[in-house]
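K.L.:
Sequence lines, in order, name chains A and B.
Our numbering numbers the first residue of the first sequence as 1 and each following residue consecutively.
Our numbering numbers the first residue of the second sequence as 1 and each following residue consecutively.
The set of hints was computed from the structure by calculation and includes no laboratory data.
Glycine included, each C-beta is placed from N, C-alpha and C at the ideal position.
Be a bit skeptical, because a hint or two may be false.
[To be verified] Listed next, the in silico DSBU-like pairs over lysine-lysine satisfying Cα-Cα at most 35 Å (straight line):
1) A/K351 with B/K89
2) A/K696 with B/K89
3) A/K491 with A/K696
4) A/K619 with A/K477
5) B/K89 with A/K619
6) A/K490 with B/K89
7) A/K477 with A/K491
8) B/K89 with A/K584
9) A/K826 with B/K89
[Unchecked claim] If you want the ones that stay clear, here's a sample from chain A, every Cβ over 12 Å from chain B, calculated:
10) T44
11) D75
12) G541
13) R542
14) I582
15) D627
16) G851
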Amino acid sequence: MSTPAPSTPGPRHLVVVGGGMVAHRLVEALVDRGGVADGGWQVTVLAEEPRAPYDRVALTSYFSGRDPQDLALGDPALWDTPGVQLRRGEQVTEVDRQARLVRTAGGREHRYDALVLATGSAPFVPPVEGKDLPGCFVYRTIDDVAALRQYVTEVDTRRQEDGSHRPVTGAVVGGGLLGLEAAGALTALGVQTHVVEFAPRLMPLQVDEGGGEALQRLVGALGVQVHAGTATAKLTAGRDGRVARMHAAEGSAAGLTHLDVDVVVFAAGVRPRDELARACELPVGPRGGVAVDPTCRTEDPAVWAIGEVAAVEGRTYGLVAPGYTMAEIVADQLLGGAAEFPGADLSTKLKLLGVDVASFGDAFGTSPGALSVVYGDPVAGVYKKLVLSDDARTLLGGILVGDAGAYAGLRPLVGRELGGDPAAWLLPEGAEGGPASAELPDDAAVCSCNNVTAGSIRDAVRCDGCTDLGAVKACTKAGTSCGSCLPLVKKLVTTELAAAGVTVSSALCEHFDVSRAQLFDVVRVTGITSFSELVDRHGRGRGCDICKPVVASILASLDSGHVLDGERATLQDTNDHVMANIQKDGTYSVVPRIPGGEVTPEGLIAIGEVARDFGLYTKITGGQRIDLFGARMELLPAIWERLVAAGFESGHAYGKSLRTVKSCVGSTWCRYGVQDSVALAIALELRYRGLRSPHKIKLGVSGCARECAEARGKDVGVIATDNGWNLYVGGNGGFTPRHAKLLAEDLDTETLVRTIDRFLVYYVRTADRLQRTAPWLEEIEGGLEHVRAVVLDDSLGIAADLDAAMADHVEGYTDEWRATLEDPEKLRRFASFVNAPDSPDPSLSYVVERGQPRPSTAAERTAGEATGAVLVAGPRLEVFSR
Amino acid sequence: MTATLPPETQHSETTAPTGWTAVCRYADLQPERGVAALVGDQQVAVFRLFDGALHAVGHRDPVSGAHVIARGIVGTRGDAPTVASPMYKQVFDLRTGVCLDAPDDPTVRLPVHPVQLRDGWVEIGTGAVAP
Ligand SMILES: Cc1cc2nc3c(=O)[nH]c(=O)nc-3n(C[C@H](O)[C@H](O)[C@H](O)COP(=O)(O)OP(=O)(O)OC[C@H]3O[C@@H](n4cnc5c(N)ncnc54)[C@H](O)[C@@H]3O)c2cc1C
Ligand code: SF4
Ligand code: FES
């Protein structure tokens with residue numbers, strides 16, 4: 001069937017009803033395939049929710065991450081694509097199929113040539129008495145979750161004001177996937193939580209009895225009380241008219257009659273939002289949902305349905321992955337293809353309340369002749385089951401509760417021979433390695449959320465030149481949704497890179513077999529203070545340009561001796577060695593520190609005079625300071641003598657260390673500012689100056705939410721709020737720009753500084769060589785959550801140690817340039833020639849452009865030699881001899 | 001570990017130099033950190049290694065054209081003593097001047113200068129340079 005002909009001349013118009021996850025994927029797929037504007041489709045997305053599509057799957061993280069921005073899906077620039085229009089807060093109330101238009105609640109009409117219904121589903125609320133009382137909630141949207149959070153906080157506050165110490169108590173109706181998510185959210189809010197499930201076990205759709213038992217034990221151990229086999233009869237209010245008691249139906253398990261509760265969350269399943277289809281007389285499926293064929297088209301060739309609202313051949317799907325597949329299929333057809341829905345992989349892996357649960361393939365062993373292999377460890381709370389074909393060779397499915405480490409490796413093997421002893425996959429050791437992922441066939445689906453096969457991941461490395469996990473994620477989308485496939489994706493990438501001859505072993509270089517983080521620990525534990533001893537005892541050879549600077553940085557982090565003391569001087573890159581940045585002609589640039597970008601007129605004049613007297617090219621940097629270029633090595637001490645005399649100190653622009661703390665002018669001048677961002681920026685810059693780290697570190701501070709300092713583009717970004725400061729981490733510009741993520745909210749200045757201290761020291765200790773904070777956060781086990789727990793809740797018990805390390809740093813700081821100028825021994829290294837210490841490099845030559853010098857090009861040199869037009873370097877001031 | 005002094009005379013495998021220029025005292029050289037020396041109109045990078053051995057190669061980095069080789073990090077690759085250019089990090093064998101990242105490319109190769117130690121002075125051979 002071909003795509004519908006336009007009803008009117010001009011571009012064809014696609015209207016998408018609903019701005020959820022699946023709608024987002026449809027638009028993304030259309031844009032990616034070049035199907036929008038320029039003769040393609042004109043797309044209008046009508047979204048009832050007041051925000052751009054977000055990651056509903058990660059909704060619960062809103063309780064810990066607490067920033068709706070963090071739920072953003074994909075690249076927000078999608079909605080700025082010409083030809084794409086997203087209308088938020090616009091609900092569609094009617095579809096007129098004759099006129100091919102939709103009407104919205106606001107009375108607008110939108111004509112369409114093709115219509116896609118992507119309205120998702122609505123939470124199912126059982127028709128019990130009292131279901132609409134204040135204090136009853138559902139769990140589907142950011143607004144639902146925000147309302148729930150606010151209600152709980154209110155109850156809690158009232159309790160405290162009344163002097164009552166009774167904890168807030170909540171009941172979740174439904175013990176499936178959603179119910180446990182909601183229970184996790186309530187627990188995170190400090191609510192004493194009950195889960196009421198009608199079926200005899202938790203997650204009846206995903207796990208069998210054994211799994212359900214293990215799950216109940218694990219969840220119970222976390223303080224959540226589970227009442228399986230219990231039905232909710234009605235809810236009644238207290239004197240204040242709010243919900244106060246949940247009554248259980250008669251005959252409930254364990255004789256439960258009622259629970260006294262302050263809040264109730266319904267998470268008892270969902271119903272497709274097929275009301276628009278029903279009203280315009282499109283057929284619906286036997287259990288609801290807009291009836292569509294395998295191409296996702298309804299009976300009306302101009303209307304499709306995708307996502308949770310679609311009933312493909314009668315069946316609806318409550319997971320995002322099948323919805324994404326449908327979106328891709330419709331995108332393909334809109335562009336003239338003929339893709340069909342291949343059936344869905346209903347595998348799930350979740351971390352509910354911190355408990356791993358995974359089920360995949362034929363989890364219940366319903367295939368004829370299926371065998372199961374079960375491993376259970378009630379003490380550890382682990383239950384694992386594999387379902388195999390009758391000859392015990394082919395994997396059909398499985399259930400993992402308590403430890404789902406093997407999931408990523410097993411799921412792609414469904415329908416294939418497992419090879420070896422299946423039990424190896426179930427035992428604790430088996431979870432880690434499992435059979436080599438290298439053997440995975442190219443067509444095995446590795447990421448089911450985004451439908452990415454092992455082959456496409458290998459191609460991304462082999463053909464598209466991706467050289468790390470981040471690049472592969474960006475290129476294939478693998479691992480960008482639920483993340484459960486990441487361990488496997490990482491393994492495939494590593495294997496493929498190794499095959500391509502790229503070194504991916506964690507060994508630093510040929511001289512050390514360990515990673516930077518491990519070497520850090522070796523040095524810390526052994527107390528070794530020199531490279532020679534370290535390479536002698538823990539390495540081989542005499543080092544190289546990779547390991548020597550790493551060791552220098554580690555030694556500098558562990559005791560703040562001068563970076564140029566003794567043997568340490570030989571470990572440094574030339575930039576660190578002469579404390580300036582080498583430029584293309586072998587001269588250096590000089591950057592004095594200007595904390596927070598605040599500089600007095602006298603300071604500016606002093607810098608200007610130095611630049612003028614030494615003939616340096618000057619340029620303002622992106623970090624709010626001034627870079628002076630063209631300084632010959634032998635002139636660096638003279639230049640710095642002048643700068644130090646004017647009150648400046650090293651800006652460490654050369655080091656893998658703190659660069660700058662960028663700030664906006666803040667509340668002292670700006671009429672919008674709510675905090676003094678400059679004062680904070682200066683304090684932070686003075687605190688962290690000279691801190692050696694795996695890579696450069698940049699900070700930013702903005703005085704209000706307008707964010708003029710672009711703090712979210714920094715490793716550590718601070719944004720003022722009315723109550724204090726919000727702290728963001730893991731941002732950077734450069735080749736792979738990243739926005740920093742919210743770490744904590746509304747901190748007072750003292751807590752803020754302590755939190756940044758810990759974050760930085762923890763990063764310095766555990767990151768890899770040249771790994772900035774964003775990839776570090778991505779790679780570290782447990783990610784941002786883990787780091788938040790370490791720095792805010794001291795989950796590893798190392799906070800005191802981190803604090804002490806930073807205190808040592810702050811105390812031990814000295815200006816490297818001042819110290820160098822005072823030490824004749826150190827000054828010797830600035831000689832241009834050992835036998836002619838003040839002679840300039842005779843090969844340097846410059847031309848003047850826009851009033852300033854720059855290195856001459858090869859062509860200019862050749863011409864210059866003929867005409868004498870090239871200026872040879874030389875300061876205007878005589879260099880003082882010392 | 002202490003560095004052993006090198007044999008009194010030590011040349012690279014080159015044609016005999018026609019003269020020697022003393023550039024500095026051996027004791028002035030820090031192990032594993034190079035210095036540049038002006039020998040006539042040539043810029044030469046001189047290195048004293050951890051084991052005491054002396055090497056001299058051209059100071060000009062053939063990749064960037066800048067005179068910076070003496071400022072590179074000294075180390076080893078396998079058995080070869082090396083220096084890494086501070087500009088784009090190519091690694092050169094100090095004994096032969098061969099770029100170990102592009103051993104077959106004659107355009108990225110450092111000239112090797114004869115070097116010897118006499119009466120505590122480091123001397124660079126002039127008049128003949130290999131290759
Ligand atoms: C807490 C939670 C956890 C989950 N965890 C997982 C998980 O781990 N794994 C997994 O695979 N799935 C999970 N899901 C399910 C997953 O979120 C859904 O499958 C997915 O969001 C479906 O996408 P959709 O676009 O079809 O619907 P939705 O994302 O619900 O989007 C539909 C949108 O359409 C809007 N809409 C409806 N009617 C109209 C109208 N008339 N006019 C305009 N707009 C309208 C709605 O407001 C909504 O914004 C979870 C869901 C929740 C709530
Ligand atoms: S971020 Fe706020 S305080 Fe700072 S300059 Fe911008 S508007 Fe003013
Ligand atoms: S399987 Fe969910 S992101 Fe890959």
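K.L.:
Each hint needs a verdict: does it hold in this structure or not?
P.N.:
Outcome of the hint check:
no., hint, in the structure
1, A/K351 with B/K89, "violated (45 Å)"
2, A/K696 with B/K89, "holds (19 Å)"
3, A/K491 with A/K696, "holds (28 Å)"
4, A/K619 with A/K477, "violated (40 Å)"
5, B/K89 with A/K619, "holds (26 Å)"
6, A/K490 with B/K89, "holds (29 Å)"
7, A/K477 with A/K491, "holds (16 Å)"
8, B/K89 with A/K584, "holds (13 Å)"
9, A/K826 with B/K89, "holds (25 Å)"
10, T44, "holds (51 Å)"
11, D75, "holds (33 Å)"
12, G541, "violated (4 Å)"
13, R542, "violated (4 Å)"
14, I582, "violated (6 Å)"
15, D627, "holds (18 Å)"
16, G851, "holds (25 Å)"
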